[in-house]
Amino acid sequence: MGKNTAQSRLPSLATITVAFVFVSAVVGLGIAYGVISERARAFEEASLQRALETRTRGIQTALAQGLYREWNGLNAIRNQAVDQSPDDMQRRLDTIVGNGEVISWAGFAETDGTVIAASGGLLLGQNVGERQWFREGLKGEFAGDAHEALLLSSLLPSQDEPLRFVDFAVDLKDSEGAVRGVLGLHLNVAWIERFIDEMAEALDLDIVIVGATGGISASSVPNLPDLSNLGSLQRARAGALGTSLEEWPDGGVYYTLTVSELDYKGLPKFGWNIVARIDGSAATIPARQMSDYLIVRLVGLATMLLLLTALYVVAFIRPFSRLAVNATEIAEGHDAYPMESNRTREMSMISSALARLQADSKRHE
Numbered sequence: 001m002g003k004n005t006a007q008s009r010l011p012s013l014a015t016i017t018v019a020f021v022f023v024s025a026v027v028g029l030g031i032a033y034g035v036i037s038e039r040a041r042a043f044e045e046a047s048l049q050r051a052l053e054t055r056t057r058g059i060q061t062a063l064a065q066g067l068y069r070e071w072n073g074l075n076a077i078r079n080q081a082v083d084q085s086p087d088d089m090q091r092r093l094d095t096i097v098g099n100g101e102v103i104s105w106a107g108f109a110e111t112d113g114t115v116i117a118a119s120g121g122l123l124l125g126q127n128v129g130e131r132q133w134f135r136e137g138l139k140g141e142f143a144g145d146a147h148e149a150l151l152l153s154s155l156l157p158s159q160d161e162p163l164r165f166v167d168f169a170v171d172l173k174d175s176e177g178a179v180r181g182v183l184g185l186h187l188n189v190a191w192i193e194r195f196i197d198e199m200a201e202a203l204d205l206d207i208v209i210v211g212a213t214g215g216i217s218a219s220s221v222p223n224l225p226d227l228s229n230l231g232s233l234q235r236a237r238a239g240a241l242g243t244s245l246e247e248w249p250d251g252g253v254y255y256t257l258t259v260s261e262l263d264y265k266g267l268p269k270f271g272w273n274i275v276a277r278i279d280g281s282a283a284t285i286p287a288r289q290m291s292d293y294l295i296v297r298l299v300g301l302a303t304m305l306l307l308l309t310a311l312y313v314v315a316f317i318r319p320f321s322r323l324a325v326n327a328t329e330i331a332e333g334h335d336a337y338p339m340e341s342n343r344t345r346e347m348s349m350i351s352s353a354l355a356r357l358q359a360d361s362k363r364h365e
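Everything in the sequence shown is counted per the numbering used here, starting at 1 for the first residue and increasing by one.
These are calculated hints, taken from the structure and not from any lab test.
There could be a bad hint or two in this list.
[Claimed, not checked] Here are the simulated distance ranges between beta carbons:
| id | residue 1 | residue 2 | range |
| --- | --- | --- | --- |
| 1 | 329 | 22 | 29 to 35 Å |
| 2 | 112 | 224 | 39 to 45 Å |
| 3 | 245 | 26 | 29 to 35 Å |
| 4 | 178 | 234 | 41 to 47 Å |
| 5 | 114 | 244 | 46 to 52 Å |
| 6 | 160 | 300 | 55 to 61 Å |
| 7 | 225 | 139 | 33 to 39 Å |
| 8 | 125 | 176 | 22 to 28 Å |
| 9 | 125 | 198 | 34 to 40 Å |
Since we're looking at a predicted model, the values are computed, not measured.
Even for Gly, the Cβ is constructed at its ideal location relative to N, Cα and C.
Please take these sequences and the hints and turn them into a complete structure.
Right, here's the structure in full:
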């Protein structure tokens, strides 16, 4: 009796089989879920990084093309103005400025810094010898970072925001190769910001141009908060490249890319670095959706595995259990008919052995 009680406390083969399959399924599917989710997230981030790099380079190239067009215009004036009179030069400068939306001012200053030709006659006779664009222009080709208007702030039409310019300057030489002075252009930063606004909206990202001194030269982000503690801005100020997922001062989480200024033909560099950002959900939502989809599929797979296990138990384990009960009855001397089972070779062998044992037992009786 004690032996039977002890045996009844042991788990059945069916229970062990189901438990083994269940634990294996949980562990295996859990590992599969973790690995696949991580790979999916890494793939999504890599894809987003490539897309962000491509879009950012596209904006950089388009902006460089626009700036190069104005740079070429300045060089065309230099080539034609070798021996031109100030009046002829002023007409050319008026033409290149046009309505002032792109170029706010163009002028020519002699080597002493005195402006002798200028668009709209602005600053004629004034001395610009202390301006960076003039000093650097005497040395050769120059592109200057964004700065607020000084002499022109009260002469040009007022705008909602303070006038800011980026500068182009080249030295002008006479036919004998002697420097006559400096040709300079002031490009309106508002035009640059409108340009990157339109491009950024079309490509669904934001652009911040960080100047050579670490300040914000232009941005497609309205009402830009203080970014001094932002890792991507610090990278840009250091001229370092990189990507990161970071929280911005506006509370949003963005996938951020930092790239250096693009080399474009003969365009001189402003010393800019570009910070591009895209909503961080663009990286996390697809991976999360895939994870949710994966959970549903893995749960379905686990359910199917358990159903197949149940069928296996019914088809093979339960007959083996009945065979064990039959063997116990025969061993205890009951007049039990030996169970016949051909489900597996082993069960068939045990059934035959039980039949022979019972037959031998009856002969000895």
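Enumerated hints in conflict with the structure, sorted upward:
none
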